[in-house]
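Number of protein chains: 2
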Amino acid sequence: MQRIEDANDEALQRMLSGDPVLVDVVPATEAIPVLKERMILHAGPPIEWGRMCGPMRGAICGIAVFEGWAEDLEDAGKLADAGAFEFHPNHHFDAVGPMTGMTTISQPLMVVENRTFGNRAYCAVNEGLGKVMRFGGNDAEVLDRLRWLRDEFGPALGRAIRQAGGVPLKSLTARGLTMGDEMHQRNVACSGLTLRALAPALAETTPDSAALSKALAFIGGNDQFYLNIAMAMGKSIMDPVRGIDASSIVTAMSRNGTDFGIRVSGTGDRWFTAPVEMPEGLYFPGFTEADANPDMGDSTIVETMGLGGFAMGASPAVAGFVGAGAASEAGNFTRTMSEITVGENPEWSIPSMDYQGVPTGIDIRMVVETGLAPTINTGIAHKEPGIGQVGAGVVRAPMACFEQALLAFAESVGVS
Amino acid sequence: MQRIEDANDEALQRMLSGDPVLVDVVPATEAIPVLKERMILHAGPPIEWGRMCGPMRGAICGIAVFEGWAEDLEDAGKLADAGAFEFHPNHHFDAVGPMTGMTTISQPLMVVENRTFGNRAYCAVNEGLGKVMRFGGNDAEVLDRLRWLRDEFGPALGRAIRQAGGVPLKSLTARGLTMGDEMHQRNVACSGLTLRALAPALAETTPDSAALSKALAFIGGNDQFYLNIAMAMGKSIMDPVRGIDASSIVTAMSRNGTDFGIRVSGTGDRWFTAPVEMPEGLYFPGFTEADANPDMGDSTIVETMGLGGFAMGASPAVAGFVGAGAASEAGNFTRTMSEITVGENPEWSIPSMDYQGVPTGIDIRMVVETGLAPTINTGIAHKEPGIGQVGAGVVRAPMACFEQALLAFAESVGVS
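For the protein sequence lines, the chains are E and C, in the order given.
The first sequence runs contiguously to residue 415 in numbering that gives the first Met the number 0.
The second sequence runs contiguously to residue 415 in numbering that gives the first Met the number 0.
Possibly wrong hints are sitting among the right ones.
With a straight-line cut-off of 30 Å between C-alpha atoms, the simulated BS3-like cross-links for lysine-lysine are [as the list claims (entries may be wrong)]:
#, chain 1, residue 1, chain 2, residue 2
1, C, Lys130, C, Lys77
2, E, Lys35, E, Lys77
3, E, Lys382, E, Lys169
4, E, Lys213, C, Lys77
5, E, Lys213, C, Lys169
6, C, Lys213, E, Lys169
7, E, Lys130, E, Lys382
8, E, Lys130, E, Lys213
9, E, Lys77, E, Lys382
For the record, the hints were derived by calculation from the structure and aren't laboratory data.
The structure presented is a predicted model; accordingly, all values stated were derived computationally and were not measured.
The whole structure should be built from the sequences, with the hints applied where relevant.
Dropping the structure here:
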């Protein structure tokens, strides 16, 4: 139907015309004023405590202790059992979070503004690798780091971003694609480019040498620092694409470790969910697939805008890291994703593919027709609470989400 | 002859076992104690004033003013005509310099130590892009920057490097190859990785916020910052390969803008020279090939150790920058260079070529037999003094150097 094509053209144009700029770091209550005590935003579509996976439960207990709502992890678990906490998806509050995706009142949130549309999106600061809350970690080391992020690093980063006048992310991301990042499991280039952009302003606004050195080392020591920025960028780019009548473009893909959910422009903010799948990947020494939790996190917003698994061709080095086969064949993932997308992003191009733009705008009709589900590059959490990351891999979005969405979409355009 | 194969095996092993570490920045007189007033080290093989090209003359007049040996550029030219300056190649003093490659008593030199062999190599700090002395620039802006490098930035960088305990370059370079650098015309990744490695130590050792911010911005704003580090690394890796009896491996390639010179392990420190060629490349807006000076600089030490044009496959994005054809075909340059090299470097590998190591150890016999001259990625200077960089391109080393060297080599092994 021409009506659908026109709506999808509009969706694609909104995606391509987005102008995301990292503008600030603010306390979560400033970003999301409705946040309150005992309210926890999490990754993925809505889910109740009883159905949550191990690492999500671990993170919730940890964040409850961090926020002072529970005396210890055991107490937090009992409070959760008793229904003391209110749970909502990040996506319902302009926010995203990687893996477990905890967002609560006292965390600092990075702010990305889409200057074309004026909307803002939020994401917490990436904690680093290993035993971290987003992978279900919740011990003293994890909570201490969160305190430092809240009290020292977050405010310092915010000062620097404001001093620098913001960091335009579209061009920085474009550059990262020429440096082997795909912005989901490989962010080393963009993390470095971000440090480069902000280091002078950090020096100007954090005069204490020790604090400054620690902040610079924290950014410089975390190859995934940019992931959370890329996610807020993705949310800021995709939110204006929501609610276009008759558009079959996916506006969000997200998982809570139990369910995978997608949203489609023409069907508004309804989630179409299915059981989440297990990534196929490579495990860190000492861990195997038996330790793995199924796929989790809001980070699939990165694939939703054409990066991550969709940009695998830009990142031959990530293919080995996620166990996706020969590095020289990485472009095949990108070519395959071109079969389920309505366009390419000319500003985000892949040099080794002669500057082909990343596949952009997932059309649920094409996904169902081709049987090709979106490819996602992802981290893998241990299935038990309190442990952390155990590997990285590739996972497919469940086809059932797209089949359900297509039925609802067909009904919405009157062809059911 | 088995004797030659054995000697070349030894040469390759010395190259591969090198362990280059950026250890310090020191005044040139400390690095090269024989340096004195009116003594100027330049890029390339030996050359007298009368045969020097325009940008080399421009740089010499500029550095003479900078050092206080001349009142102004005109005075400097007259002094040079009158034989007031003593010229020597950087290569004769453990040093290298990009393009014109000026090294004089009061400049700060970065120090790379090859910890396997204990030798050190030196290179000045990269000045940035555009109108800079290495491209023949010599006005007040150029000299002011050199003063700042001498008085402020160089000492600060040295303090940070010492505080950090040195920067191991082999692994950093390996990482850069996975991020699209080839270390000659593309150094954006390694420049960022260097900033990342040194920013915390810079913060600790340069407490003045304004000076620190300026230093961080200088490194972060110069995508070629790492080039001079890579060059000193190259010199530190290649120098221990010199003088292996019966080895036909190239130990240096270098150009002074008039002559291209090579040195071969088995023939010691003798230069084999031929007229230097004109790069084929792309020009910055407002400039054409008619403005270009022929090929220049010690930077070909990068190709001598298997990077630059030899690692083009790692850097599809550089192919467009230097006008080397389709980005997707960049690997062909690397494959071709494999035909004139005795091995691959397993620690410096190219993801998109399924981790093939960079072609390492140029054998003059293979160059002459195949007719394939080494491919070099290079910047292009304006042919007149005082202007600066006008483009970037690809150039071949002149075959005549290798033919002469092969004759001398044959004689040295008794098969003439």
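Hint check results:
no. : hint                   : in the structure
1   : C/Lys130 with C/Lys77  : 23 Å, holds
2   : E/Lys35 with E/Lys77   : 20 Å, holds
3   : E/Lys382 with E/Lys169 : 35 Å, violated
4   : E/Lys213 with C/Lys77  : 53 Å, violated
5   : E/Lys213 with C/Lys169 : 25 Å, holds
6   : C/Lys213 with E/Lys169 : 25 Å, holds
7   : E/Lys130 with E/Lys382 : 13 Å, holds
8   : E/Lys130 with E/Lys213 : 19 Å, holds
9   : E/Lys77 with E/Lys382  : 20 Å, holds
The structure fails to meet hints 3 and 4 from the earlier list, while all remaining hints are met.
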